[in-house]
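Chain B: place on chain A using the hints.
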Amino acid sequence: MGRSDRMLVAAALLAGLAGIAISAYLTIVHYAALPLVCTTTGIISCERVLGSPYSVIAGSGLPTSAAGIVWFSVSAGLALVQLTGRGSARQARLHLAWSAVGLATVLYLVFLEIVQLGALCIWCSSAHALVVLTFLITLTRTQTFSAPTAH
Amino acid sequence: MRKPVSRTPTWLPAAASVGGIALVVVAFLAYRWATTPAPPVISPNSAALVISTITSLPATQLEQAGTGSAKNSIKKVSGSTLIGPNGKPEVFYLGAEYCPYCAAERWPMIIALSRFGTFTGLQTTTSSSTDIYPNTPTFTFRSATFASQYVAFQSVETSDRNQNALQTQTSDQQALVSKYDTTNSIPFVDFGNHYAFAGAMYLPDILGNMSWQQVADSLQQPGSPQARAILGSANLITAAICQISGQQPAAVCSGSSIQSIEAGLGG
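Protein chains in written order, with my numbering: chain A, 521 to 671; chain B, 1020 to 1286.
If we strip away everything but chain A, and leave its shape as in the complex, we get (with noise of 0.2 angstroms):
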């Protein structure tokens, strides 16, 4: 692995802890039914979107963030072992995979909060940042991967 190839990867492995610390602050604040630090400004309001509906998961009452918790810690991890190891193009096309994931779920929460709540939740804007990050970085990974090769 290369000197920037590492950096792209440690970029990935800083982007998912930091999306670890947003989402499990999230999550305290909902279990803990603490104030959440959060303006409610124009079209900023935590309070609106973590109080819909949307959430928690469908169905249950774990909060969205918890899930946020979950992608996050599996893309550190996935950051950690290839910035470990060797760093093959099959763990890096797995990252890719598991970032479309988190892209496309993403691409669904910001289209509940502008389109169903006409709210944005700053906290979840950066957790959202983060995963495009992540995604950005994946995927720029994969291609340095499969550049094509002469002798």
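If you're looking for bench data, these hints aren't it; they were derived computationally from the structure. Backbone N, C-alpha and C define an ideal beta-carbon position, used for all residues, glycine too. Possibly wrong hints are sitting among the right ones.
Covered by chain A, according to a simulated footprint, are these stretches of chain B (three or more residues, beta-carbon under 8 angstroms) [unchecked claim]: (1) 1035 to 1049; (2) 1198 to 1204; (3) 1234 to 1245.
Leaving out everything else, chain B in the frame of chain A:
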């Protein structure tokens, strides 16, 4: 030796993805904008009638409402009593015209304060068309004055419904907000530095797609969601004002509902 042959730059798929994601988000925003209803309109005569109606609600109607479905978010705070220009304890309001929560809270604010004095210069408006709870029918304090022998009322509407800057706080008001509005939310209301609350006491969705007249009419129906929320909130605000007005006027503050709420607020 293997030499890479670059046909497509490795960054291109990522750049294309960013563009694709941006397009999807813009499409969501456009859809939301296209499906947002136009703000309702009201004639000057109808506006005057609505304002007259809500500023002169019968005491018995308010007494019967109790706290209704309102969320009591009034907290006791400590500090030297805030005194208004007329030498009376001051009620201070901070909000903005675009803000739907402020739109919801102005209804009970006006109803409650009208039990202690007289408003002039109230105007109808709606919250932002593009914010959550779009076009919530309400009023604005931007040109309003309030005369009372019991309390003073000062208000700041920081932005108009299109989020253009409107009024600015004085340095004293900024200090007050920094001290008591710990969640940095609007609307924020301070009752003489003895009680304060931030946010609306009910969700604005119950005013969705209603005209001012319809909201005013709904207040005449005791069991309506609007009456339960707005009159209940007005009673909570009334009780807080009674706490700083020295229980004056007695005709307002001695009502059993207000007394009961005041007991819950703590002296």
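Do the hints match the structure? See the list:
| no. | hint | verdict |
| --- | --- | --- |
| 1 | 1035 to 1049 | holds (count 7) |
| 2 | 1198 to 1204 | holds (count 3) |
| 3 | 1234 to 1245 | violated (count 0) |
In terms of the numbered hints stated before, the structure departs from hint 3 and from no other.
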